[in-house]
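If you read the protein sequences in the order shown, they are chains S and E.
FYI, numbering that gives the first Met the number 0 numbers position 398 of the first sequence as 397, with every residue one higher than the one before it.
FYI, numbering that gives the first Met the number 0 numbers position 339 of the second sequence as 338, with every residue one higher than the one before it.
These are calculated hints, taken from the structure and not from any lab test.
Glycine is no exception: its CB is placed at the ideal position from the N, C-alpha and C atoms.
Hints are supplied without guarantee of correctness; some may be wrong.
Facing chain S, from chain E, some residues (calculated, C-beta under 7 Å) [unchecked claim]:
# : residue
1 : 4
2 : 11
3 : 15
4 : 62
5 : 206
6 : 217
Just the calculated beta-carbon pair ranges, DEER-fashion [to be verified]:
#  : chain 1 : residue 1 : chain 2 : residue 2 : range
7  : E       : 51        : S       : 30        : 56 to 64 Å
8  : S       : 405       : E       : 64        : 37 to 45 Å
9  : E       : 286       : S       : 433       : 40 to 48 Å
10 : S       : 295       : E       : 69        : 55 to 63 Å
11 : E       : 228       : S       : 92        : 28 to 36 Å
12 : S       : 466       : E       : 25        : 43 to 51 Å
13 : E       : 188       : S       : 116       : 55 to 63 Å
14 : S       : 455       : E       : 26        : 16 to 24 Å
15 : S       : 106       : E       : 228       : 25 to 33 Å
16 : E       : 25        : S       : 472       : 19 to 27 Å
17 : E       : 179       : S       : 10        : 46 to 54 Å
18 : S       : 10        : E       : 199       : 28 to 36 Å
19 : E       : 26        : S       : 115       : 40 to 48 Å
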Amino acid sequence: MLFTSGEFLFVYLPLTLALFFFIARCIGNAAAAAWLVFASFVFYAYWLPVYTVLLAVSIVFNYTLGKWIADCGTQRASLRRMLLYFAVASDLALLGYFKYANFFLGTLAAISGRSLGTLNIILPIGISFFTFTQIAYLADVYAGKVKDSNPLHYALFVTYFPHLIAGPILHHAEMMPQFAQPQIYRPRLENFSTGFAFLLIGLAKKVLVADSWAPRANDVFDAHSGAALLPASAWSAVLAYTLQIYFDFSGYSDMAVGLSLLIGVRLPFNFNSPYRATSIIDFWRRWHMTLSRFLRDYLYFPLGGNRHGEVRRYVNLLITMLLGGLWHGASWTFVVWGGLHGAYLMANHSWRFARDRIARVIGRPAPRLLQTGGRVAAFMLTLLCVIVAWVFFRAREAAEAQRILSCMFALSGCGGGHGSGLAGGIVSSYRPAWSTTVWLVASFAAAIFAQNSQQWVDGPFADAVRRVSSGARRSLALGTVIGVEVTAIAMLALISASRSVTEFIYFNF
Amino acid sequence: MRISATFATASALAAGIALTLIAFEAVLRLLPVQNGLFAADPDPNWPVHHLVESSPYTFSDAWDLRNVHHGVTNGMGYVAPFEYPPHTESIAVVGDSFVEGATNEYRDTLQGQLAARLPHAPPVLNFGTSGASLSDYIGLGPLVSKRFRVQWVIIVVVAGDFTDAFTPVPGFFRWSVEQTPPVRLVPQTAGNPATKFLRTLALVRYTKGNLKVNLGHLLHTSVAVAPEPCAPQVLQPGDSRLIESYADSLPAAYGVTASHVILIFDGERHELYRSNGASASEACPTRDGLARHLLATTAAARGERVIDMAPIFAAYFRATHQRVDYSPVDWHWNVIGNRLAASEVARSMNSERLN
C-alpha cells in the first residue's frame, strides 16, 4: 500500500488508528500492540499476500535465534558466535536469493560467456530494510546490548507499518522502549497536529515536486539506448532526477515520521538538507542518515574503522560504500555508485588531512574571504560529485550512464535530434524552456536554502503547538489545525490519484 | 467536561475542514480551472449529448492547470467560434474529445486546420463530443444529414472506440446489431439540481475536470508486482458482423458516397515515445484494436478512405523528437498532431478534385 494512495489515507490509516486507541482503552496496551502488528501485516499483504509468510518466518527465526544467543550467556561463547553467524548467514542467504540471485547468474553468464538463464523471482518489497534491522538486533543481542526482549515489541519493531517498506532503518534500542510506554496508547491532539504536519509536508514533497520531475528524468533514462541526446537534455534529466530522488525519499521519510507520530512514536530522521552539504563526509551525515548509521555501526566499525591507520581506513571506507551501493540494488550501476562515493570519501579525508597539515605549517587561519570562497566552492563541488554519481544510480546499465555523462560534459556520446535548453530531449508540448528552468532553480533553492521539515515542524510549528496546548482553548485551536491539515492531505491525495501510480523510488530497495 | 472537550475538538475539526475548503474554493475561483463544458439538458430537436449552448468555457488540464484554453460553445452546443448555418453544404468532422476541440485553440484543431487548408470548400463543422465512440459516429449521421447537406464526413477513430460503444450512456448511442445502422440511442436524462449546483463549485470542477478523480479511482491504486504479461484477446462472435454492417451503413447515414467518407485512425504513441522513436514493439492484441483494424480494412474495401496516423506520427517524431500530443499527462493531439491529420485529410480530398 502506498502512503499517497486513497485506500491508505482514507481507509487503512483511520481504521488502524481508531481501532488501536479503542483496543488500548477497552482491552489493554498489549492487545493494541498486537493489533498494530496485525495491521502492519495487512499493510504488507496488500502488495503480495504470499510474502507475509516470508516476513513472519523471518521475524520468528530472528527472534528465536536472538533469544538463544542471549540464553547462551558468556560461558558458551563459541556457541553464541556460531548461532550469530548462522543467523546472519541465513538472513543474508534469504536476501541473496531474492535480491541478488539473478544478478550473480547474470554476472557469471557474462564472465563465462554462457547463457545461464534467470530465476523467476519477485523481490519482496522492503526485504533489505527488514533484514538489516534484524541483523542489527542479532548483533546487539550478541554484544549484550539488548534490554527489551518482549516478543510483541520485537514483532512490532520489525513490522511497524510506517517504516516497514522503505525505512527509516530502525534500531531496536530506539523503538522497543517506546512501545513499552503507556502514553503512546492514548490519543493526543498534539501528536496528531505534529504528525499530520509531517505527513502533509512529505506528501507535498512527493506529489508536487518529486512526481513532477519524474517524467523529465524518465524521458532520457528510460529512452532507448540508441536515442539521440543533447547535452542540455542530459543535464535536464540528471538534474530532474537529482531533485526527484531527494524529494521522493525525504518525502517518504517525512510521511513515515508523521504517521508514527500520530501514535506518539518518534522515528529517527533520515535527511537533513543533504544538498546543502559542503563535503561528501557532510553529505553522508545528511543523506539517508539511518543507513549511514547502520553501515557505520555494523560494517565500517567491525571492519576496523580508522583504528588501523590511514590505508586501512580508506580500504574500509571503500568496502563499506561498495556494499552500501550493492544494498540498494542488484546491479553493477549501484556498485559503481557506491564505489564512486567511496572514492569521494577517500579524497575528502585525504584533503582534510592535507589541509590540516598546511594550516599547521602556515600557523594562522586563512582570510575570511578565502574561507567563504572555499565553502562555496566546496558546496558546488560536493553537489556536482553527488549529481554525477546519481547518473549511475538511475541508469539501467553502466554503459548508458557513461553515455549520459559523456554527453553532459560534451565529451562524446551525443547524437543528433532536436531540443532546446533545459526543455530538450523529447520536446514538451506544454511549457517554454524558461519556465522549466525557473521551476528547476526554485526546486533546488528549496532543497538547499529552505528550512527542512524537521527544522520547521520541530521548531516554529512545535512552539506554536506548545503555546496553544497550554492555553484554555487547546481543543479548539488544535482541532482547527488538524482539520486544516487533514483537508490539505486529502487534496494532495486527490492530486496523487490523478496520475498513474508512482511508487516511491526506495520501494525497489 | 470530557464530553464538552470532545465536542469542542470535533467542532473545531469541522471548522478547520470547512475553512480549508472555503480557502481552496476561493483560490481556485481565481485560477483557470475547467469550467463551462457542461452537458446540456435533453433537446428533442437534437437528442444526443451536447454541451450547454452559447456558453463561455475554460479548459485546463492536470493539477497544475496546464494547457489553458478559453472559448465559447456555439448555438448547437459544440466547440466552435461560429454558428452552423442549417441546410447548407458542409464538411462534418466527427469524433470524441479528440475532435471536440477543447484541448486546443480552435485554429489548432483538426477542423480549424482543415478549414484553413480548404478555403474554397464548404464550412467544416465539428460534431466531436467527449465520451463518444464508434456507435455515436454513425448514430449522429441521420441527425446531421437531416440538418445539413453533408459533402464529406471525416471520422476520427481512437483506442477504445469499439468496446466503449457496448456501454449504455444516456445521450449516447450504443451497439444494437439488429438495427441499421447497428446502433440505438440511449435516451438522455436531465441533470439533477444537485449536480448543477455542484458544477458551479470550482473545487468540484477542479477535482472532476482537472484531476479526473472519482471515488473508485481514489480507492484503487496498487503497486505493480511485475509487468502484466500479454494475454492476447480475440474478436467476439458478432463483432465482425457489426463492423461490416457499420462500414456498409456509414455513407448512407450521412448521405454521402463511400469515397466521401474519411476514417482517420489514431496511432499508438506510448511505445513510440518510450523507445524514443528507435523501434516499436508489437502491441498486445486487444479486442478493441482488432475491431478497429477490421474496420479499417473493411471500410477501405467498401471504397471509403482510410488514413492510418501511426506511421505518420512515427516518421514525424523520429525526424523532430517533437510529441504530437500533450503526453504524458494528456494523450490528445496537440497542434502538431492535428496539423499532420489535417494535411492528410486535405491531401486525400484534394486528390479527388485533381482526379
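Checked hints:
1. 4: Interface hint status for residue 4/E: holds (5 Å vs cutoff 7 Å).
2. 11: Constraint on residue 11/E satisfied, holds at 3 Å.
3. 15: Holds - the Cβ of residue 15/E comes within 7 Å of chain S, reaching about 2 Å at its closest.
4. 62: 4 Å, holds
5. 206: 6 Å, holds
6. 217: Nearest chain S Cβ about 4 Å off; hint holds.
7. 51/E with 30/S: 56 to 64 Å: For residue 30/S against residue 51/E, whose Cβ atoms are near 58 Å apart, the range 56 to 64 Å holds.
8. 405/S with 64/E: 37 to 45 Å: Since the Cβ atoms of residue 405/S and residue 64/E sit about 38 Å apart, the hinted range of 37 to 45 Å holds.
9. 286/E with 433/S: 40 to 48 Å: 46 Å, holds
10. 295/S with 69/E: 55 to 63 Å: 58 Å, holds
11. 228/E with 92/S: 28 to 36 Å: The hint (28 to 36 Å, Cβ to Cβ) holds, given that residue 228/E and residue 92/S are roughly 29 Å apart.
12. 466/S with 25/E: 43 to 51 Å: 28 Å, violated
13. 188/E with 116/S: 55 to 63 Å: Given a distance of about 59 Å, which is inside 55 to 63 Å, the answer is holds.
14. 455/S with 26/E: 16 to 24 Å: 22 Å, holds
15. 106/S with 228/E: 25 to 33 Å: 27 Å, holds
16. 25/E with 472/S: 19 to 27 Å: For residue 472/S against residue 25/E, whose Cβ atoms are near 25 Å apart, the range 19 to 27 Å holds.
17. 179/E with 10/S: 46 to 54 Å: 49 Å, holds
18. 10/S with 199/E: 28 to 36 Å: 30 Å, holds
19. 26/E with 115/S: 40 to 48 Å: The hint (40 to 48 Å, Cβ to Cβ) is violated, given that residue 26/E and residue 115/S are roughly 59 Å apart.
The structure shown violates the earlier hints numbered 12 and 19.
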